[in-house]
Amino acid sequence: MFGLNQKDTKFLLIVVTLTLLTPFLLNPFPTDSAMAQFNAGYPALMQRFAIYGLMAIGFNILFGLTGYLSFGHAAFLGVGSYSAVWMFKLLSMNILPAIILAMIVSGLFALAIGYISLRRSGIYFSILTLAFAEMSYRLAYSVLTPITNGETGLQLNLNDPRVLDGVADTSSLPVPGLFGLKMNSTYTLDIGAWSFDFNVGFYVCAVIAILGFYMSLRIFRSPFGMMLRAVKSNQQRMNYTGLNSRPYTLAAFVISGIYAGLAGALLAAMDPLAGAERMQWTASGEVVLMTILGGAGTLMGPVLGAGFIKYCENIFSKINETILHSWFSFLPDSLESVVVWFFARFVGEGWHLTLGVLFMLIVIFLPGGLVEGGQRIASWWKNRGKDEDSSNQPAE
Amino acid sequence: MSNKFSRRGVLKSGAIAGSGLLLPTYLRAESHSGFTNAPTGSEVVFGFNVPQTGPYSEEGLDELRAFQLAVEHLNGEGDGGMLNTFSSKALDGAGILGKKVTFVTGDTQTKSDVARASAQSMIQKDGAVMITGGSSSGVAVAVQGLCQEAGVIFMAALTHSNDTTGKDRKANGFRHFFNAYMSGAALAPVLGNVYGTERRAYHLTADYTWGWTQEESIAASTEALGWQTVEKVRTPVGAGDFSSYIAPVLNSGADVLILNHYGGDMVNSLSQAVQFGLRDKMVNGKQFEIVVPLYSELMAAGAGSNIQGVYGSMNWNWQLQDAGTQAFVKSFGEKYGRPPSNAAHTSYVQTLLYADAVTRAGTFNPCGVVEALEDFEFDGMGNGPVLYRGADHQCFKDVLVMKGAENPTNEYDTLEIVETTPRAQVEYAPDHPMFAGGDLGQCNPGA
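Sequence order for the protein chains is A and B. Counting in our numbering, the first sequence runs from 1 upward without gaps. Counting in our numbering, the second sequence runs from 1 upward without gaps.
These are calculated hints, taken from the structure and not from any lab test. Accuracy of the hints is not assured; some may be wrong.
Claimed, not checked - Pairs of lysine to aspartate or glutamate, DMTMM-like flavour, derived with a Cα cap of 20 Å:
hint, chain 1, residue 1, chain 2, residue 2
1, B, K89, B, E374
2, B, K167, A, D32
3, B, K232, B, E216
4, B, K335, A, D333
5, B, K403, B, E419
6, B, K89, B, E72
7, B, K167, B, D392
8, B, K330, B, D79
9, B, K335, A, E321
10, B, K335, B, E72
11, B, K99, B, E43
12, B, K100, A, E321
13, A, K89, B, E427
14, B, K403, B, D392
15, B, K100, A, D333
16, B, K99, A, D32
17, B, K99, B, E72
18, B, K167, B, E419
19, B, K335, B, E58
20, B, K167, B, E427
21, B, K99, B, E58
All figures in this text were calculated on a predicted structure; none of them were measured in a lab.
Take these sequences, add in the hints, and give me the full structure.
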């Protein structure tokens, strides 16, 4: 089906199902329970899971397949966002023109940066992309303020032209939509103590992310993907056999840049604001972390990594000492304050520490990322009955 | 291996999924009550969205302390702080409209995207009815826009740019803190008195919107005084080393250096300017001087002895002697063992003002709150009589002109109050050119 073999079709269908059921999967705890703190099924976060997942998928086409580590992907994310917001300001609140322009502009941008950066490989390539991204950030932050609105970020205004939308009501800002379907409309389903949010914006992102995933699946399985893998395994040998590898790497760079631009456009579509920090090097580093954490070069890994990091950022950072005190209130006072003090280092403002520790553990014990962890559990599960078999007995 | 997706299998699972969705459903009560996150239970949730990591985390954490103190006082715990001195007596320390105040916190990392993500989670997940916080104008403007769209109130804390209540003003957003224009208007006459009207000023400005608005404001008000502006030089944010910018100042013929920097940048640029010996120079027959238009306690502590005698402005200082300030400093000091910063003060006051507006309006509906806050006059919050102007949602109050203390007696006594500039002197028209181009729009109650 879909030009895929049976195993991949099954894989794709599993991904589709999981994505569409996200509102249920991320809200496993009843709304009023103490564990509701760990629910992540609210629209804004689900949208981010899908969007950053999409970006990581695109990044993985470059990093996972060719091994070229770009430290500048946030620049494409930012360029995509700015293009999209300008479309909202000038043309229409419909997200389609915004997405299309963002993909074109980020593609051209990636072409220009890639054309120069790909003359080098390894660490030099990483540094070049980092320099370009940091340059874009600085430009957006101050020099290009007329276009980017600098530190304040590009926002919609009541008196923007929006030529295709005609004269709308001028008392409140319009909301981005898809032919009248507003991105921020949410249907809340209550079942018993649980409540699940079905948000239009999330499903738009999810459908686009699934398309992106399908594209990347096809690329992974195509001769083009094989060529990219060859670049990773030994580019020199490839060149010696007379193949020019640069068009392939450039194509991969542009494709992943377009993915990032698309992700940027979706960010703007869900929340019409584009700020310069979106292009900062920390944002580029985040994508690298996502990919490595999930498992570089695997299809599903980057998505898992993106989800993992966004979850930490949004859920752990919101646990404060008051909440910790309510959790540990059953302990005797002196012990409680010690325990709370200890855990407070890892939540709230200390969430970076949690992420850092988990990242170290994963890189040390699961070099293949979360995907490797999943595979190990799966193989353990498959083999658990076979332990008593004689197959594992040492030969005597 | 046969196809695992048999028609029967697909139909079966489809039917199961379908019947799951058809379970008795009903919309949440909130969506019927006419505004976003109407509190239904016995509690109401505030969202405190401050930088807990990154360059402004010191300010953010101090704001957080003030917010927690305000919540305690609203719920009737502690000594009540400024509730006792506040001119409006609507609040009685039994929560707000009979509901106990609870709060959620978030880390903005001083990044607009993260701040908005955190605010969204407070609104969508935790049901916050009011968001407050901020330590950078970019973040404040971004979150203010979000709150306008979502239909909750945003009570801006630390944000000094003219834009927050200028071209980016929003009907659901309110600012108690002063702004760059007020700094200029308050500072210029004092500078004129001590340094004379025949000065040549050299600006070093953080190269982003806040720096620009402050540079524009200060240049305008000092030029009105008769000063000349020799040069305006933009410096990158977070430069660390400013020596290459300071060296040219010596040969420019300027005799005053104005540092439009904030946070760590200001600490570095000021320290380096002092190390270059600028303040020991005589130029044009006058002593060379340095001015830092926006001061904060935390910056003053960072710059150490370099700030002695340097003029700047503040929204509020813990050394004021009025009853409101004393009550606040006392309860803050008892709880945390240190005096509050002016960031903490504005955060605390904003929380009380919101609670008071809700009580007077009799509803948490943002439109009711907006109506109650617009053109609201109050006193007893440490700044003398204050007006919340309805036209742009900016507070108008006295501004403090400060000077680095010559002989600090302890680590918190780094600044001394030179003058309290009366409110009339820092007022401006809502459509003043530095604030023009904005539109409040209509208040948005959301759902």
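Now for the hints, and whether the structure bears them out:
no.: 1; hint: K89(B) - E374(B); in the structure: 18 Å, holds
no.: 2; hint: K167(B) - D32(A); in the structure: 41 Å, violated
no.: 3; hint: K232(B) - E216(B); in the structure: 10 Å, holds
no.: 4; hint: K335(B) - D333(A); in the structure: 19 Å, holds
no.: 5; hint: K403(B) - E419(B); in the structure: 9 Å, holds
no.: 6; hint: K89(B) - E72(B); in the structure: 17 Å, holds
no.: 7; hint: K167(B) - D392(B); in the structure: 10 Å, holds
no.: 8; hint: K330(B) - D79(B); in the structure: 9 Å, holds
no.: 9; hint: K335(B) - E321(A); in the structure: 15 Å, holds
no.: 10; hint: K335(B) - E72(B); in the structure: 11 Å, holds
no.: 11; hint: K99(B) - E43(B); in the structure: 5 Å, holds
no.: 12; hint: K100(B) - E321(A); in the structure: 19 Å, holds
no.: 13; hint: K89(A) - E427(B); in the structure: 33 Å, violated
no.: 14; hint: K403(B) - D392(B); in the structure: 30 Å, violated
no.: 15; hint: K100(B) - D333(A); in the structure: 24 Å, violated
no.: 16; hint: K99(B) - D32(A); in the structure: 17 Å, holds
no.: 17; hint: K99(B) - E72(B); in the structure: 13 Å, holds
no.: 18; hint: K167(B) - E419(B); in the structure: 30 Å, violated
no.: 19; hint: K335(B) - E58(B); in the structure: 18 Å, holds
no.: 20; hint: K167(B) - E427(B); in the structure: 17 Å, holds
no.: 21; hint: K99(B) - E58(B); in the structure: 31 Å, violated
Consistency note: the structure conflicts with the earlier hints numbered 2, 13, 14, 15, 18, 21.
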